[in-house]
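Each chain is listed here by its residues.
2 protein chains.
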Amino acid sequence: MIYGVILNDAASLQKIGSLDEAPYKGAPQAPVLYIKPANTRVADGATVKLPDGANSVEVAATVGLVMGRAAARLSPATALEVVGGVVLAGDLSLPHASYYRPAIREKCFDGSLPVGEVKPPFDLSKLVLRTEIDGQLVEERSLADLIRGPARLLSDVSEFMTLNQGDVLLLGVSYMAPQAKAGSRVKISADGLGSLHFTIAQGA
Amino acid sequence: MIYGVILNDAASLQKIGSLDEAPYKGAPQAPVLYIKPANTRVADGATVKLPDGANSVEVAATVGLVMGRAAARLSPATALEVVGGVVLAGDLSLPHASYYRPAIREKCFDGSLPVGEVKPPFDLSKLVLRTEIDGQLVEERSLADLIRGPARLLSDVSEFMTLNQGDVLLLGVSYMAPQAKAGSRVKISADGLGSLHFTIAQGA
Numbered sequence: 036m037i038y039g040v041i042l043n044d045a046a047s048l049q050k051i052g053s054l055d056e057a058p059y060k061g062a063p064q065a066p067v068l069y070i071k072p073a074n075t076r077v078a079d080g081a082t083v084k085l086p087d088g089a090n091s092v093e094v095a096a097t098v099g100l101v102m103g104r105a106a107a108r109l110s111p112a113t114a115l116e117v118v119g120g121v122v123l124a125g126d127l128s129l130p131h132a133s134y135y136r137p138a139i140r141e142k143c144f145d146g147s148l149p150v151g152e153v154k155p156p157f158d159l160s161k162l163v164l165r166t167e168i169d170g171q172l173v174e175e176r177s178l179a180d181l182i183r184g185p186a187r188l189l190s191d192v193s194e195f196m197t198l199n200q201g202d203v204l205l206l207g208v209s210y211m212a213p214q215a216k217a218g219s220r221v222k223i224s225a226d227g228l229g230s231l232h233f234t235i236a237q238g239a
Numbered sequence: 036m037i038y039g040v041i042l043n044d045a046a047s048l049q050k051i052g053s054l055d056e057a058p059y060k061g062a063p064q065a066p067v068l069y070i071k072p073a074n075t076r077v078a079d080g081a082t083v084k085l086p087d088g089a090n091s092v093e094v095a096a097t098v099g100l101v102m103g104r105a106a107a108r109l110s111p112a113t114a115l116e117v118v119g120g121v122v123l124a125g126d127l128s129l130p131h132a133s134y135y136r137p138a139i140r141e142k143c144f145d146g147s148l149p150v151g152e153v154k155p156p157f158d159l160s161k162l163v164l165r166t167e168i169d170g171q172l173v174e175e176r177s178l179a180d181l182i183r184g185p186a187r188l189l190s191d192v193s194e195f196m197t198l199n200q201g202d203v204l205l206l207g208v209s210y211m212a213p214q215a216k217a218g219s220r221v222k223i224s225a226d227g228l229g230s231l232h233f234t235i236a237q238g239a
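Protein chains in written order, with the numbering used here: chain A, 36 to 239; chain B, 36 to 239.
The shape of chain A in the complex, shown without the other chains (with noise of 0.2 Å):
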């Protein structure tokens, strides 16, 4: 099973503005957390083809914290341990306005997880990653801005929820992350975890 987490970094927070408003009320008290299920992961090298009725597609570079050995309730301190590996991923989603519902349509279609090699665990913190559409560098981000780091983050997830062997939980993803169309080949690249490419094809 694979976890993520929207609103994880300091840019995300600022692009989305205020959240005082409804039906927010308020910046998230705890990780805002989404689900990618077995049916979305896909290798390097991938052609994701679009839902029907979809011409592009938002792509959102992050890294992944692979699971050594099942645990829960993980405090900070030590929850880096069972960290067994490290890998890049590119989290597809149909763009979509609003996060007030599960978009589970928008966030968990058919290969919408390219996902990376994966690499011996090392320290993330100051971790860039880039994204390059047809060749042109779209976005570059640094994980020096996360609001819950992975060991925060990893321990407040397994406060209620086990998680198991293999199991990955995503860092983050940008708010509003560059767009693929139909057609666009997709390269996601940080030091120390190589590069994940993949190809946006057109549905139905």
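Be aware that one or more of the hints could be misleading.
Stated by the list, open to error - Once the Cα atoms are required to be at most 20 Å apart in a straight line, the calculated SDA-like pairs of lysine to any residue come out as:
hint, chain 1, residue 1, chain 2, residue 2
1, B, 84, A, 106
2, A, 84, B, 105
3, A, 84, B, 199
4, B, 84, A, 108
5, A, 84, B, 108
6, B, 84, A, 84
7, B, 84, A, 107
Don't read these hints as lab results, they were simulated from the structure.
The hints should help you fit chain B onto chain A, whose structure is shown.
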């Protein structure tokens, strides 16, 4: 993987009242889906410990379709051919005021989906589900008022998501289902599906 849907019955839509204002702006046009990951599933007879700080839980009786084989892009006319079984489930949620943020903690805590014994498929269109808490009947609902019946729901969900063998699609839960407290003993039953028992326990 287990998928569910909210607001899929006339009684729930009536109870939630007008959806014309923000953030909803109208009744749902597509199934409003959620996911119950593997950590939520427990068997008949389980004791479900509530997460820290929670004292009560909503108990929503529902029925799951168990996939007999992997499938995608099913038409309503033939969707039920892939169903290998049907099963009672008690979908537990911590009470939460709004659906505007994905309610992962509230719906996905460990043990939040007691599931009964899988039975061979049969016609569910008039099935009546009964929920008893501490021996008292607290809800009786009929699947006759589903907005999307089993075939239509399975078709709509499989339009964008491949379902695997053993995946479960829950047919819908009541809005503001009856609540059970720590110490309560719950029984859910339906003709042809037997009964499902579980106990709610206080968290730390």
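Review point. Is the Cα-Cα distance between residue 84 (chain B) and residue 84 (chain A) 20 Å or less?
Key: Roughly 41 Å separates the two Cα atoms, so the pair is violated.
Check your understanding: Keeping to a limit of 20 Å between CA atoms, is the pair of residue 84 (chain B) and residue 108 (chain A) held or broken?
Key -> holds, 14 Å
**Study point:** residue 84 (chain B) paired with residue 106 (chain A) [C-alpha distance capped at 20 Å]
**Key:** OK: residue 84 (chain B) and residue 106 (chain A) at ~17 Å, within 20 Å.
Review point. Taken at face value, is the distance from the CA of residue 199 (chain B) to the CA of residue 84 (chain A) at most 20 Å?
Key: It holds: about 19 Å lies between the C-alpha atoms, which stays within 20 Å.
**Study point:** Agreement of residue 84 (chain A) and residue 108 (chain B) with the hint, judged by alpha carbon distance not exceeding 20 Å
**Key:** holds, 14 Å
Point to revise | Given hint residue 105 (chain B) paired with residue 84 (chain A) - CA-CA distance at most 20 Å | key: holds, 19 Å
Review point. Is the Cα-Cα distance between residue 84 (chain B) and residue 107 (chain A) 20 Å or less?
Key: holds, 14 Å
Of the numbered hints given earlier, the model fails hint 6 alone.
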